[in-house]
Amino acid sequence: GEDVEQSLFLSVREGDSSVINCTYTDSSSTYLYWYKQEPGAGLQLLTYIFSNMDMKQDQRLTVLLNKKDKHLSLRIADTQTGDSAIYFCAEDTGRRALTFGSGTRLQVQP
Amino acid sequence: DTAVSQTPKYLVTQMGNDKSIKCEQNLGHDTMYWYKQDSKKFLKIMFSYNNKELIINETVPNRFSPKSPDKAHLNLHINSLELGDSAVYFCASRRDTFNSPLHFGNGTRLTVT
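Residue numbers (the numbering used here), protein chains in the order written: chain D, 1 to 110; chain U, 1 to 113.
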């Protein structure tokens, strides 16, 4: 999307950590989301963070939010082959729809 | 058990035809959406309804017309299909118009030949 940017591709080895980055431009964003899309499927909500938080951890997932730099990251610990997918960040600015980034394709090599 | 379901999953049709995609959610959500995902995986909002009222109508050709008979259903009708309409169309819903996550259907892959 024109407001939310992500790198297009990330390749990691199985067992390593993956870090997917996202930058957004609307400082009024209230919630920021991470979605996962597997081939031929819809978008699955992974996690989200409220704008007054810096970090949120959920099992293997850690979300970091830097509001000053408008930077959001998703860290996946102990990455598995089943984590291979496209990951989208999205911002909720109160415009009544989510604005999505262009997606980062994560490839996990065995 | 399905939360957001859309039909059909695949739709192959010729240019100039008219087609519809249906969407239903059983989550009790008030707001429903149509997003279009192009070949580069970019997701763009098309329409949104809140309690059967149109609240988002992005720059989309008039050939696309959404219809919401009740708050659990949002259908998309496309007239005079063009090659450029080929994409994956996703239905989604959420509890409110903001500050809640979207729940997506599995998508309808439309191919116009």
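Any given hint could be a false lead.
[As the list claims (entries may be wrong)] SDA-like, lysine to any residue: derived pairs with alpha carbons at most 25 Å apart:
id, chain 1, residue 1, chain 2, residue 2
1, U, Lys36, D, Asp54
2, D, Lys36, D, Met53
3, U, Lys40, D, Ser102
[Said to hold, decoys possible] Quick partial rundown of chain D residues pointing at chain U, CB under 7 Å, derived from the structure:
id, residue
4, Val19
5, Tyr31
6, Tyr33
7, Pro39
8, Leu43
9, Tyr48
10, Gly94
11, Arg96
12, Leu98
13, Ser102
[Claimed, not checked] Derived Cβ-Cβ restraints for the label pairs, each shown as a range:
id, chain 1, residue 1, chain 2, residue 2, range
14, D, Ser11, U, Leu83, 46 to 56 Å
15, U, Ser65, D, Asp78, 40 to 50 Å
16, D, Asp78, U, Leu83, 22 to 32 Å
17, D, Gln44, U, Gly28, 12 to 22 Å
18, U, Gly84, D, Asn52, 39 to 49 Å
I should point out that these hints are in silico values taken from the structure, not numbers from a laboratory. As the structure is a prediction and not an experimental result, all values here were calculated from the model. Where a beta carbon is used, it is the ideal one built from N, C-alpha and C, also for glycine.
Structure-inconsistent hints, enumerated in ascending order: Violated: hints 1, 4, 7, 14, 16.
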